[in-house]
Amino acid sequence: MSMPNFTNREILNWQAFLQMKSQLSKDSRLQNFYDRGTYHDETKLSDIEFVALDFETTGLDASKNSIISIGLVHFNLQRIFCRKAKSWYIDPQDNLKEDSIVIHGITHSDLNKAPDLLHVLEQLLDELAGKVVVVHYRLIERDFLDSNLRALFKEGIIFPMVDTMQIEADLQHKKRQGITNWFKPKPTQSIRLAKSRSRYNLPTYPPHDALTDAIATAELLQAQIKYHFSPETAIKKLWL
Amino acid sequence: MEVELLEIQDFIRQYPPFDKLPEDALVEITQSIEISYFRAESTIIEVNAKINELYMVRSGIVEVYRRNGDLYNRLDQGKLFGQMGLLTSNKVRFPAKSLKDTLLYCMPEEIFHRFCDRYEAFADFVEVEDSTRLKQAVENNNNDANSLTTSKVKTLISRDVVIMPTHSTIQAVAQKMAEENISAALINDPELTDDQGNSFVGIVTEKDLCAKVIAAGLSVDTPVSEVMSTELISLDHNAYIFEAMLLMLRFNVHHLPILKNKQPIGLIEVGDIIRYESQNSLLFVSGIFQQQSPEDLALLSTQLKDCFIRMVNEDANSHMVGRAMSEIGRSFKQRLLELAELELGDPPIPYCFLALGSMARDEQLIVTDQDNAIILDNSYDEALHGEYFIKLSKFVCDGLAACGYSYCTGDIMATNPEWRKTQAQWEDCFADWIDDPNPQALLNCSIFFDLTGVYGRAKWAEQLNAFILRRAKKNNRFLACLARNALNRKPPLGFFKDFVMEKDGRHNNSINLKRRGTAPLADLIRIHALAIGSQSQNSFQRLEDIIEAGILPKSKGQDLLHAMELISLVRLRHQALDIEFDREPDNNIEPENMSDFERRNLKDAFLVLSSAQSFLKYRYNANML
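Chain order of the listed sequences is H and X.
Count the first sequence with the numbering used here and you get residues 1 to 240, in order.
Count the second sequence with the numbering used here and you get residues 1 to 625, in order.
It is possible that part of the hints are untrue.
These stretches of chain X come out as covered by chain H in the derived footprint (C-beta under 8 Å, 3 or more residues) [claimed, not checked]:
1. 3 to 17
2. 25 to 35
3. 47 to 60
4. 92 to 103
Since the hints were made in silico from the structure, they are not lab data.
Note that this is a predicted model, so its numbers are computed, not measured.
Backbone N, C-alpha and C fix where the C-beta goes; we use that ideal spot for every residue, glycine too.
All chains should be modelled from the sequences, with the hints used to inform the complete structure.
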């Protein structure tokens with residue numbers, strides 16, 4: 001099937017969409033994932049269980065680059081749960097390029113101990129199932145997850161996400177109508193994240209650790225909701 | 001799978017009590033944390049609500065309130081709250097709200113109690129709060145304030161120890177000793193290294209060289225092992241100086257190797273201890289009276305700083321230091337007056353030389369200016385006696401200035417003719433201040449209400465004090481005026497807020513601990529003391545009188561005692577630091593030089609002062625003027 005238009009908010013009833021996917025899917029692992037379903041469109045933010053997710057990758061192109069680490073943390077509007085945090089290091093399929101080694105501070109010896117991607121993705125799907133996934137700049141997580149599953153499960157994946165960077169972009173857009181240049185390729189993910197966080201007086205963290213970034217994203221969404229939305233807001237306003 | 005929450009773990013380990021926890025405990029508590037974001041001005045916990053978490057401020061600022069709505073504390077990064085509720089009824093005792101956008105780490109009650117049981121440092125930190133913590137801080141400082149018994153021997157080590165191998169000739173060792181200008185050397189035998197890496201086997205002193213070599217006619221080519229003493233008396237570097245003295249006396253030795261991890265790091269001699277002792281304040285005072293001119297006194301006064309530092313390092317409490325420094329200051333004055341009378345001849349009429357302010361209160365520190373005055377006999381006749389007292393005052397005040405007691409900027413000195421009055425004139429002057437008070441006129445003369453006679457007819461000062469007390473005790477309007485003035489100088493509560501606001505790590509601000517701390521405290525204590533007719537001059541003694549009189553709310557007097565002691569301690573510790581780093585000592589304290597301990601406790605002390613000021617306003621109707 002063709003990729004949906006992500007920038008258009010009106011198109012999907014995610015709950016119905018996941019039910020349909022469950023019937024169409026050939027892979028039992030993906031069927032299980034879709035079976036866990038998602039929330040109704042009108043569900044209040046205060047009733048939702050979120051998972052903040054972050055991938056560190058060897059580059060920006062999901063067809064050429066690999067995931068090297070994954071971090072996630074479960075949270076809700078009130079609390080981010082450190083006891084429900086996970087992180088994995090993955091042996092990448094392509095060779096680590098020198099420059100990305102520098103950027104991410106992860107060395108080959110870290111990765112040699114890493115479990116293989118297939119095993120990690122199975123665990124990851126289990127963590128994400130039934131929750132609303134929150135990322136900062138959804139194209140990375142969505143593309144890399146989809147293309148890696150295509151390679152390993154012979155089937156892609158799609159599910160709703162809340163993108164804290166899109167929320168910031170929309171707010172900026174609302175503030176200065178007409179100047180919509182945000183969709184240019186962003187310089188790096190973490191600068192965007194750090195900058196957004198500073199608007200809510202959130203502390204600065206060292207960049208390029210998947211789990212730290214996942215926690216940072218969760219904190220950012222809590223702050224964005226406190227500032228711009230309410231616990232009563234329906235999830236359909238935020239997910240994409 | 002072990003999840004590494006390094007960012008959070010590294011944050012919490014910077015702050016007490018987590019800085020005292022072992023690594024596995026840090027991991028455990030980090031993994032139990034829940035993070036929560038609060039916008040500025042939102043309620044975090046409400047009074048009487050159920051509480052089952054300990055909170056730590058990750059970023060932002062949290063304000064904690066009393067039940068009546070007064071601000072109780074302002075917490076920044078790394079600070080904890082909620083522990084009182086957890087320790088008592090699981091009900092919120094002090095409500096909290098965010099002043100700025102705030103990120104909190106919430107730690108579950110279960111782990112909190114477990115850590116209290118398991119880690120003493122954790123329990124100590126969380127179980128005592130504000131005034132209790134202040135009290136504990138002060139008492140820890142005073143615990144062993146028995147001067148000589150509290151300084152460690154390692155502070156006496158001033159040079160490296162010389163160690164020679166056993167096969168060296170006596171001459172080689174003697175040459176080395178001469179070269180290094182030392183009176184003893186240690187001897188080691190690398191082949192006899194014991195399992196602790198310890199290889200030194202003996203000591204050779206000048207006395208050995210004299211008795212065993214020269215007197216015995218031994219060849220200087222003999223190996224030193226033949227004459228060294230192998231009965232080694234040594235001491236660990238953490239032992240106290242008095243232990244070194246005891247050891248030297250007991251074994252009749254004059255040299256003592258000082259060990260660290262069983263390795264010699266220095267050698268102290270009897271002379272080191274005597275030199276140390278000679279800076280003692282009592283010796284200093286007797287030294288003052290041996291000087292024959294103001295110039296000699298000025299020369300001696302340069303050693304005052306060493307004496308001060310030594311007392312601070314010995315963990316003397318502020319009362320002890322204040323008393324010793326005041327005693328020294330009085331001695332300078334007394335000796336200068338003796339010298340003045342020698343030069344000018346006997347005084348034509350009796351007089352009493354007064355010390356005012358901190359010296360009168362026995363609260364002088366190292367940075368101080370001179371505040372003094374003279375009571376003249378009622379028979380004073382300006383035409384006959386004026387010139388003598390002009391000269392006398394000038395002699396003393398100039399002499400004091402040369403000794404480091406700078407001239408009083410407010411000109412409250414005996415050289416000012418206005419402050420040389422007869423007994424009768426002084427009584428009229430005080431009667432006027434007390435009976436017809438106005439805050440403006442009293443603003444600059446509160447210092448006169450701390451007075452003591454240091455020379456001449458000292459009894460006159462006592463009589464004047466008694467006169468003041470009789471007059472002041474019943475005069476509500478006078479007390480109200482003083483109270484109003486005492487409220488002019490507020491403790492710097494906001495300072496800590498500004499301090500956390502500084503983001504770039506540079507802090508150009510500082511607080512004056514005298515102006516914002518000890519002086520307003522002394523002011524308010526003086527008012528209570530006047531109100532109850534206390535004859536004491538010292539703030540601590542006044543406070544004890546005040547507590548006995550029962551005019552303060554319960555336990556507030558104790559809180560004030562501890563606040564006064566804490567602020568004074570920090571102040572004198574920072575003056576000692578200034579001196580040790582060759583800076584001009586002052587009353588300012590810069591945030592970057594403050595330990596976490598000091599910052600936390602200073603804040604508590606300022607809170608005590610602030611609430612005592614509110615009480616003062618209410619007690620003496622300072623608003624009614």
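Here is what the structure says about each hint:
no. : hint      : verdict
1   : 3 to 17   : holds (count 6)
2   : 25 to 35  : holds (count 6)
3   : 47 to 60  : holds (count 3)
4   : 92 to 103 : holds (count 3)
In terms of the numbered hints stated before, the structure departs from none.
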